[in-house]
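Participant: Sequence:
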Amino acid sequence: MGGAFSYASFSRGNGRAGGWGVGSKVGDISPEELQELITYVPTTLNTGIRIPDFPSAQERAELVHRTAVFTLTEEGEKWVTMVSVPAGIDATGRGGNVFTYTCVTDGGTPPAPAQVLFSPDVPTPFSIFEVDKVQIPEKIVRKGPLAFDALIDDFLAGEFQKPATLPAPFKSVTPNPDAGYNARLVSAMAQVLSSKKKSLVVLVAPENQAALWIAATAREVGEQGFGYSTFEKPAGIAELPLGTSTMVVVPESEKLRLMEMVKAGAIPGNPVVFVLGESLPDISAYDDSAVQPQQSTVAEQPRPFGEPQAPAAEASPFLPEAPRSPQPTGFAEQQPLGAYNATSSNPFADVSAAPAPVNPAPETPKTPESTVPVNPAPVHPRVEHRVSPSAAPRPNAWVPPLTKQEIEHLYNYDPAWWLKYLNANRGRAIHLAILDRSCYPEGYYTLALAAAIASWVQLFESPYKLLVCEILRGLDDDTIAQARALVVERFTGVIKLDRCRMGIDSQSDPGRFIKEIAEEIARNVQSQREVEDYG
Numbered sequence: 004m005g006g007a008f009s010y011a012s013f014s015r016g017n018g019r020a021g022g023w024g025v026g027s028k029v030g031d032i033s034p035e036e037l038q039e040l041i042t043y044v045p046t047t048l049n050t051g052i053r054i055p056d057f058p059s060a061q062e063r064a065e066l067v068h069r070t071a072v073f074t075l076t077e078e079g080e081k082w083v084t085m086v087s088v089p090a091g092i093d094a095t096g097r098g099g100n101v102f103t104y105t106c107v108t109d110g111g112t113p114p115a116p117a118q119v120l121f122s123p124d125v126p127t128p129f130s131i132f133e134v135d136k137v138q139i140p141e142k143i144v145r146k147g148p149l150a151f152d153a154l155i156d157d158f159l160a161g162e163f164q165k166p167a168t169l170p171a172p173f174k175s176v177t178p179n180p181d182a183g184y185n186a187r188l189v190s191a192m193a194q195v196l197s198s199k200k201k202s203l204v205v206l207v208a209p210e211n212q213a214a215l216w217i218a219a220t221a222r223e224v225g226e227q228g229f230g231y232s233t234f235e236k237p238a239g240i241a242e243l244p245l246g247t248s249t250m251v252v253v254p255e256s257e258k259l260r261l262m263e264m265v266k267a268g269a270i271p272g273n274p275v276v277f278v279l280g281e282s283l284p285d286i287s288a289y290d291d292s293a294v295q296p297q298q299s300t301v302a303e304q305p306r307p308f309g310e311p312q313a314p315a316a317e318a319s320p321f322l323p324e325a326p327r328s329p330q331p332t333g334f335a336e337q338q339p340l341g342a343y344n345a346t347s348s349n350p351f352a353d354v355s356a357a358p359a360p361v362n363p364a365p366e367t368p369k370t371p372e373s374t375v376p377v378n379p380a381p382v383h384p385r386v387e388h389r390v391s392p393s394a395a396p397r398p399n400a401w402v403p404p405l406t407k408q409e410i411e412h413l414y415n416y417d418p419a420w421w422l423k424y425l426n427a428n429r430g431r432a433i434h435l436a437i438l439d440r441s442c443y444p445e446g447y448y449t450l451a452l453a454a455a456i457a458s459w460v461q462l463f464e465s466p467y468k469l470l471v472c473e474i475l476r477g478l479d480d481d482t483i484a485q486a487r488a489l490v491v492e493r494f495t496g497v498i499k500l501d502r503c504r505m506g507i508d509s510q511s512d513p514g515r516f517i518k519e520i521a522e523e524i525a526r527n528v529q530s531q532r533e534v535e536d537y538g
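Numbering (the numbering used here), first residue to last: 4 to 538.
Hints listed in this document are in silico derivations from the structure and should not be mistaken for laboratory results. The model shown is predicted, which means the values in this text are computed figures rather than measured ones. It is possible that part of the hints are untrue.
As the list claims (entries may be wrong) - Derived BS3-like pairs: lysine-lysine, alpha-carbon spacing no greater than 30 Å straight-line:
hint	residue 1	residue 2
1	200	174
2	142	266
3	423	499
4	81	174
5	28	142
6	165	136
7	28	81
8	165	200
9	499	165
10	165	468
11	258	201
12	165	201
13	518	468
14	136	200
15	468	499
16	81	200
17	81	236
18	136	201
19	81	142
20	142	201
21	518	423
22	499	407
23	468	407
24	28	266
25	174	201
26	81	201
27	266	174
28	423	407
29	142	518
30	174	199
31	258	200
32	136	199
33	518	499
34	199	266
Claimed, not checked - Pair by pair, the computed Cβ-Cβ distance ranges are:
hint	residue 1	residue 2	range
35	411	165	23 to 33 Å
36	427	174	38 to 48 Å
37	528	56	33 to 43 Å
38	512	61	50 to 60 Å
39	411	55	19 to 29 Å
40	138	35	49 to 59 Å
Beta carbons: idealized from backbone N, C-alpha and C, even for Gly.
Model the full structure from these sequences, guided by the hints.
Facilitator: So, in structure tokens, the structure goes:
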């Protein structure tokens, strides 16, 4: 259930008394809900810039759009999307009218920025004539221009590759040219918002960049999402419902006032303030992985970044079986994942890297050939390997570790590169999914898993069936859901649906999984086609 309503200063007539009030209401919104939501509707959007009485289409597109997405409860049973735009002169001849469209949706996931920001479904009337006649939809269906990764990628890279084709709201945007800083900023904000503790991120940036920063951060956070507002004055933050982790963008003109209020403790929600172009704040308190491991009775030697390590017992996709003797050709399809190791005749082994032993004896030294990949030299800091004190010793399966090239492409994620790479190296997708999370930079395992799944959507061969079943069975639901969402979001348009081949029964578990993702991508492609002409 859900619904929508409009709010502005209207003319008298059609049952309206005139002045500020609800214009129309559709769907299922109770009178009590309506009265509560009206208290959050802004009646002013003062950016300090004079709005012409008769703006051009481009000028209208560049007017401030204040989009606030929030929930009134921590449980998030219902989400509110509230879009407010300047509407020019009202019926009395006074300027400063503000039109607000509010949509209420059920469900525990906040509407994604790519779905609602600048969606063509959201009405943005200007002048009392348009305000009085506007028709509102019950829900937002069509995605806006931020559904296209290329736009966000160019923005973060510091330069738009095709400025002439930019959507109208972003034609005057000048990206920060420091791509490295932009990536670190987005990563830091995403880390705070992804923390288990409820958090408030405040970004000080030009208002015409607000939607881009929020969309980029949401892409990093993933499916869990967060609340957000694209335009807030410091005093308005205290009035915004903070039922969940929230990101707000404050215009640069309000920076001094914001700092004064933060220092005085007048901003609720323990805000973490980021200022575009300035040093990033300390966010170590929001590193959920920074836990002290219990003392191990066995001294561990530091491992190089990316060295594979068996997952903890409770999370391992491998069955606790002893290594088996070699089996005849064709037997592989009958074996569970525990039967496979780097010394068996695994058809998915990476021929570019020599195999390593399974559970090698301590007194048997490993030769460099058995432990060093062809291109292992990582340039990023080591990943802390944490010991699970509850995990009993068990067989340790080894697969080729991450290469320098793979690490670089995780940090600079290019779906087209990953699909081409994994299609050329078919068994590598299995390796990426099997490698323990401690082998990856913090938070990057899901990106690698998404790339693996995307390659299976493009081409799934029958020998993969048991392996993929065991891999997916060993993952928690959240990880699978996040990886699936990443495949749909990042690989739509990259995966060639007309060339997909699935060599297994579509009614099997992996078959259904792959088929459902392909169908979701097809729907996403259709939605994108509907908004290609926007702007």
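Participant: Take the hints in turn and mark each one as holding or not.
Facilitator: A quick look at each hint next to the structure:
| no. | hint | verdict |
| --- | --- | --- |
| 1 | 200 with 174 | violated (37 Å) |
| 2 | 142 with 266 | violated (40 Å) |
| 3 | 423 with 499 | holds (12 Å) |
| 4 | 81 with 174 | violated (34 Å) |
| 5 | 28 with 142 | holds (12 Å) |
| 6 | 165 with 136 | violated (36 Å) |
| 7 | 28 with 81 | holds (17 Å) |
| 8 | 165 with 200 | violated (40 Å) |
| 9 | 499 with 165 | holds (24 Å) |
| 10 | 165 with 468 | violated (43 Å) |
| 11 | 258 with 201 | holds (23 Å) |
| 12 | 165 with 201 | violated (38 Å) |
| 13 | 518 with 468 | holds (14 Å) |
| 14 | 136 with 200 | violated (44 Å) |
| 15 | 468 with 499 | holds (22 Å) |
| 16 | 81 with 200 | holds (20 Å) |
| 17 | 81 with 236 | holds (25 Å) |
| 18 | 136 with 201 | violated (41 Å) |
| 19 | 81 with 142 | holds (13 Å) |
| 20 | 142 with 201 | holds (28 Å) |
| 21 | 518 with 423 | holds (20 Å) |
| 22 | 499 with 407 | holds (28 Å) |
| 23 | 468 with 407 | holds (29 Å) |
| 24 | 28 with 266 | violated (41 Å) |
| 25 | 174 with 201 | violated (35 Å) |
| 26 | 81 with 201 | holds (18 Å) |
| 27 | 266 with 174 | violated (36 Å) |
| 28 | 423 with 407 | holds (17 Å) |
| 29 | 142 with 518 | holds (28 Å) |
| 30 | 174 with 199 | violated (37 Å) |
| 31 | 258 with 200 | holds (26 Å) |
| 32 | 136 with 199 | violated (45 Å) |
| 33 | 518 with 499 | holds (14 Å) |
| 34 | 199 with 266 | holds (25 Å) |
| 35 | 411 with 165: 23 to 33 Å | holds (25 Å) |
| 36 | 427 with 174: 38 to 48 Å | holds (39 Å) |
| 37 | 528 with 56: 33 to 43 Å | holds (42 Å) |
| 38 | 512 with 61: 50 to 60 Å | holds (52 Å) |
| 39 | 411 with 55: 19 to 29 Å | violated (48 Å) |
| 40 | 138 with 35: 49 to 59 Å | violated (25 Å) |
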